[in-house]
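> Sequence:
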Amino acid sequence: MDISRYPFSKEAAELVQEEGYNIEDLAYHPDLAKARERALKRLFSSIEGRIDITIDEIRPMNDVYSFLISRIIVERIGDRFLKNRFAEHEAKRFFKLSEGEYLGNLVKLAEESFNLKARIIGGKSVAIPYDKYLELARGLGGEKWRLVNRDLRNGEVIVLDREFRRLLAEAIRNKILKPSEVKGELPKPLEDLALEVRRVLEAKKESLPKRRVAGRLAPCMKELLRKISEGENLPHAARFALAAYLLKMGWEKEKVVDVFRSIPDFKEKIATYQVEQIAKRGYLPPSCSKLKSMGICVDECGINNPLNYGRRIRKK
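Numbering-wise, my numbering puts 186 at position 186 of the sequence shown, and it's gapless, one number per residue.
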């Protein structure tokens, strides 16, 4: 298995342990200079919403160490926006680089690295325990990922090759978003790298539109806005719900488009077109029952649509 493509894997971790480099080596060792350079590039790409899929074919371990150094720097900075961007970058990097991978290797990767015991069915499909499926599909949203719309057999969910890779990408994202044990100052070369990353990060944040949420927005929509402000990549169903809601609340189309600029995969042309179509067709946001099924509802408001939230508050 190509560890440069899967630096988060158990196999990669075992190789790091074998080579025996410590935190001082990560900062100073001349053999890891390329890894430090690639870590910086990796983080800059994450901040800007680009996906760096280049790999070091001469020394694959450089990609493993660049991933490790990147994680250390992200934890040292402790910024939620950066962490979400980095997690999104690594999830999408895996999804792109795993295309065409032998399915047996991916099943092995899932079990060894994420404790996900899957099995191949008919050569092109994979069976996953339903509890693991629910855990990973929760962050994807959309009708196709709901358990009621899946092929469920004897406690297992059957997914296609591409869907399996998408679920593994979520496993990678979840792994990165978990708190790590990095505490205190790092060796000076790594602190210097962190300083460079902070500079680019602050410049990126400064370039994003400043939003002040006016009026009484429904709790679920406030939560979506909070996630966006912290750099999370919302599922398309959640984006539609938020855009439809804000438009019906009287927000201008340009302002709604600006809301999504913090999303890692933001593309202005696509976002503008989608917002204009939602406005043109006059779509309503999904009902509260629908939002609950999508995992977007965060509170029991006693209403049937988030648009009714303000009216209920005024009646009180």
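Please keep in mind that the hints were generated in silico from the structure rather than gathered at the bench.
Wrong hints could be hidden among the right ones.
Distance windows between CB atoms, simulated [stated by the list, open to error]: (1) Glu-99 with Arg-199: 46 to 54 Å; (2) Gly-122 with Asn-308: 41 to 49 Å; (3) Arg-59 with Leu-134: 51 to 59 Å; (4) Leu-134 with Leu-208: 42 to 50 Å; (5) Pro-179 with Leu-208: 24 to 32 Å; (6) Pro-179 with Lys-41: 19 to 27 Å.
C-beta: ideal position from N, C-alpha, C; glycine also.
> Please flag the earlier hints that this structure goes against, numbers listed from lowest up.
1, 3, 4
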